[in-house]
Every structure is written in C-alpha cells, then in structure tokens.
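*Asks:* Note that the protein sequences, when read in sequence, are chains G and E. Sequence positions in the first sequence follow the working numbering and run 1 to 273. Sequence positions in the second sequence follow the working numbering and run 1001 to 1273.
Careful: at least some of the hints might be erroneous.
Below, simulated BS3-like cross-link-like pairs (lysine-lysine); rule was C-alpha separation at most 25 Å, straight line [claimed, not checked]: (1) E:Lys1209 - E:Lys1227; (2) G:Lys22 - E:Lys1007; (3) G:Lys212 - G:Lys167; (4) G:Lys167 - G:Lys22; (5) E:Lys1264 - G:Lys167; (6) E:Lys1177 - E:Lys1232; (7) G:Lys22 - E:Lys1022; (8) E:Lys1177 - E:Lys1094; (9) G:Lys212 - G:Lys177; (10) E:Lys1223 - E:Lys1212; (11) G:Lys69 - G:Lys22; (12) E:Lys1022 - E:Lys1046; (13) G:Lys167 - E:Lys1094; (14) E:Lys1167 - G:Lys7; (15) E:Lys1232 - E:Lys1264; (16) E:Lys1076 - E:Lys1002; (17) E:Lys1069 - E:Lys1147; (18) G:Lys7 - E:Lys1022; (19) G:Lys69 - G:Lys94; (20) E:Lys1167 - G:Lys94; (21) G:Lys209 - G:Lys232.
Away from chain E, derived, C-beta distances all over 12 Å, residues of chain G [claimed, not checked]: (22) Met1; (23) Lys46; (24) Pro101; (25) Leu164.
Keep in mind that the hints were calculated from the coordinates and are not lab data. Note that beta-carbon positions come from the ideal geometry of N, C-alpha and C, so glycine has one too.
Protein chains: 2
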Amino acid sequence: MKIIVAKARMSAWSDAAHAQRKIVAFVPTMGYLHQGHLSLVRLARKLADRVVVSIYVNPTQFGPREDFKSYPRDLKRDLRLLRSAGVHAVFVPKNMYGNRPEVQVDPGPIQNVLCGRERPGHFRGVATIVLKFLSVVKPDVAVFGQKDAQQFVILNRMVQELDLGVKMVAGPVIREKDGLAMSSRNARLSERERSLAPSLYRGLLSVRKGFKQGRREALALLKAAAKIPAGKVEYFTAVDSQTLMPVRTLRRGTLVAAAMRLGKVRLIDNIIL
Amino acid sequence: MKIIVAKARMSAWSDAAHAQRKIVAFVPTMGYLHQGHLSLVRLARKLADRVVVSIYVNPTQFGPREDFKSYPRDLKRDLRLLRSAGVHAVFVPKNMYGNRPEVQVDPGPIQNVLCGRERPGHFRGVATIVLKFLSVVKPDVAVFGQKDAQQFVILNRMVQELDLGVKMVAGPVIREKDGLAMSSRNARLSERERSLAPSLYRGLLSVRKGFKQGRREALALLKAAAKIPAGKVEYFTAVDSQTLMPVRTLRRGTLVAAAMRLGKVRLIDNIIL
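Please take these sequences and the hints and turn them into a complete structure.
*Replies:* Put into structure tokens, the structure is as follows:
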C-alpha cells in the first residue's frame, strides 16, 4: 500500500494506473475509520482494479462553532485497517488549500435544506473539497456512504452538472447491532448518550413500518415517528430522493431522513422506503 | 479537422490524443472569430501537439438585459478560419447544460470588481462553463485572451484553487490598425461608433505615457485619462494584476483596465504597465 502526501504524486500515481488501463476507484474519508468506511472500500474493490482512499479532515466544511478540532483522528490505526482491506494507495495530504482560498463550488438551493439549515456553508465546503480531490485523484469511480444522503445527492449533482465524468456510487448505511448508524462521531458519545442514540433509527423504522402497513400520508406518520428519538430532533422528514424537496405522499424510493443532537454530538440517519 | 458535437466524443478524442502522448491545447471561444482568436490558436499550436477550439455562446454568462440573442454568430466562416489555422478539432456542443442547472463555480469577491460590477453573475457563468469545458476537453494547456483580463485572473485562480491541473496561458491583446482591441462585438458598432471606439485605447495609452514620463500617482493620471474615451466610461482604473484591487501607486506590471459603452455595445480594454 502506497502512502502519498503530495498532490502531484497522487495525480502521477493515478496517471500511471490509467496508462496500464486500470480502473481507479476513490473513497474519500475524514479518517477515524469504522466498518462503514471499510464496506465502501470493499465495494470499491469490486468496482475497480485500484482503490485509493483519502484521509483528510477538511476544515472548510466545519462551521465556526462545529467540531473541527475535536473531530476524532487516529492515522496509525486507519492505515493499518486500510492495509488489511487491500487498499492500493492512501492519500493523506497535509493541506489541500493555498493561502486564503476564495473559489468555491456553490451547489445551489439544495444545499439549504435538511442538514444545510443547521450547517450554513457546509455543503459548499464539501462540494469544493470533493471537486479538488476528484481533480487530483482522477478516479473513474467514487464511492460515498449513503448515511450522508444529502451529501451524496449534492455531489452526484455536481458531478453531472459540471461534467466531471466520474461514476458516483453510494454504499449502504452500516449499523451497529442496536441499529445505530456507524459514524466516526459516535466515539464522542457518553455512555448514556450512546444508549439513547439508536432511538433515531427506531424512529425511521416506525415510518417504514407504517409504510409497509399501507400508510402513505407523510405528515401524521412523521410527526409520530419524530417523537421517538431521545435527543433534540433537528429534522425528521420525508423527501424526494433526487430533489430533497418534502413529499406529502410516501412512495417506494422516498428518502426519510433525520438528524438529532445528543449532547455535543450531531447524529444523522436515513432510510429509503 | 474533426468537428465534434457530443461531449463524450470530445472526451474520447482527447483521451486518444493523450494515449499517443500528445499534448492537447484548448482555446475556448464564443465564435465569430477574429484575428485575436486566431493569434490564440497560433500560440496554442506552439505550445501543444493538438489544438482543440470550442465554439459556444454560453447563455449563463449573459445577464437578462445583455446581448445573448444578438451576439454575432457565423459558424461556417469560423470553421473555415479554424481549418486554415491548422486546428485539429473543433468542439461545437449544441447545449452544455441539463435541465435547470443549479451547481456553479463561485469565484469569490474578485468577481464583483471591474466588469463584475456591471455584470452581476457574469463571472460565475464564465467560471462554470470553463470548468465544464476543461472537464470535457481535458486539455494540458488552455489559452485565453488577455483582452478579458479579469476573466483570465479569475479562471487562473479557479484552476489553481480547484487543483484542475491545466496550464493557463494568456495571449496578448490584438488590435485593429487604429488601436481598437479586436472583439466579436465590434461588428455591432455603427460607423460613427466604430470611429469613436479607439478612444478607449488612447485613454489607456495616455496612462502609459504618463508612467513612462515617471508619474506614479494613479489617481490624477487616471482621472485625466478617463476623459479621453468618447463613450460612457464604466470604469477606468489601475489595479494589482493578481488581486484586481485598486492601487494608488503605479508600478511595472500594474493592470490598467477600462470599459465603456458606445450605444448598445460594451467595449473593454487593458494594458499592463
């Protein structure tokens, strides 16, 4: 497994792989890897001949009062996990930005719904860093987690609208035994918070249950479901999986997405009906 | 000379050239070509093995009251000129956008000075379409006209900040015998307006003259120079050539840039001291 720090070396590695007609898949991460990330790596290995994983905690996607500094980091352990997972190259840039960067990708109105309401500027930061990574890593395929549903919709739209020519793939949400969606931030939950955290998913499951029982009216079902999570619910909503606009009537394929706060930690989760 | 309409074919053409280890240069244009464009093609031929020119009047960089519809077009003549100039491929997409595009490149505060004051949204449109073209054409080098000085600064910054990995080159302003900077829009000047148009450059030359005589204080020199143009001056200013922020003291390398309106036509020009 090659560990690459410089952007130019990363691009050269990818050019060399392409010169050998290898398909390159890319899994961008912020590190502190868990089974969710590793499932994306396994998916990437199925889709490509070469797998590149990046580890970079991107400062521009954190708000001023968010957890950039306290975001968990453990590079040694991450590298060990990636080596075992059969990754071909790990890209660990020291810094992706020049002095006072000003150019950004603006994802448009879709950035302002769901998580975007609570995190102004977050998706500009995400879209911009992912565009930069795609430019440097030059993958044929990029793999993201479905847990960050809005992120995937925005990035997929960016890739289509800007003609970036990368195949975008989302891997399913990976959960703990009690249903909690895996997240690097789970490590920052207290014992009590951790025991309350699966209630977010239980809320989502109650919507699925209602849907399976034939209920289609979103409003009442969501209202009841949103009472289940044990934290401060930020949103609990059913939206069109492409536009992220709220729907009144649930259908197959409707995205039910929720976010809640437990102490200092913000948790998100979603299901697709 | 290959004429390419589909994005996928354009990318494939470029991939094939790269597979043969050819350097690809790209000259994006809005057509209605003049000697300025052809000088960029000649420059591109010096810098690369293969030259691609695009012809596309990009709607998103025109304001609602601007001249998108009346922008001059003559594809037949353009193709004849490019063939004679030894261009290898011409990319003439029918439409570069999907339905209701929302993702844009936001160039940051630098888009709001100079031409950006009169043309809100213009440089977002320019940056976005150029990013799209760079993604589709995948050139090693891209060549732009120095006449659009702010455009070049913004695009160069975009390429650096977003790690697009394209070498950016500006070709010098090409002028008519009487000094008027060549522009496709000159064709829309009435005979009288055409006779007045070179006054913009004369104003710029008076600044150069003052500078050569040892004057360094920008304000008085610019004020006098701005009285020379025979149209409605929109701006006449001396700025840092990288940041586009106004300077008080003229130096070698200072950009002196001006814009004026003559009837329905907006003319821009600049010199570097």
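*Asks:* Hint by hint, where does the structure go against what was stated? Just the numbers, ascending.
*Replies:* Result: hints 3, 5, 8, 11, 24, 25 break, sorted rising.
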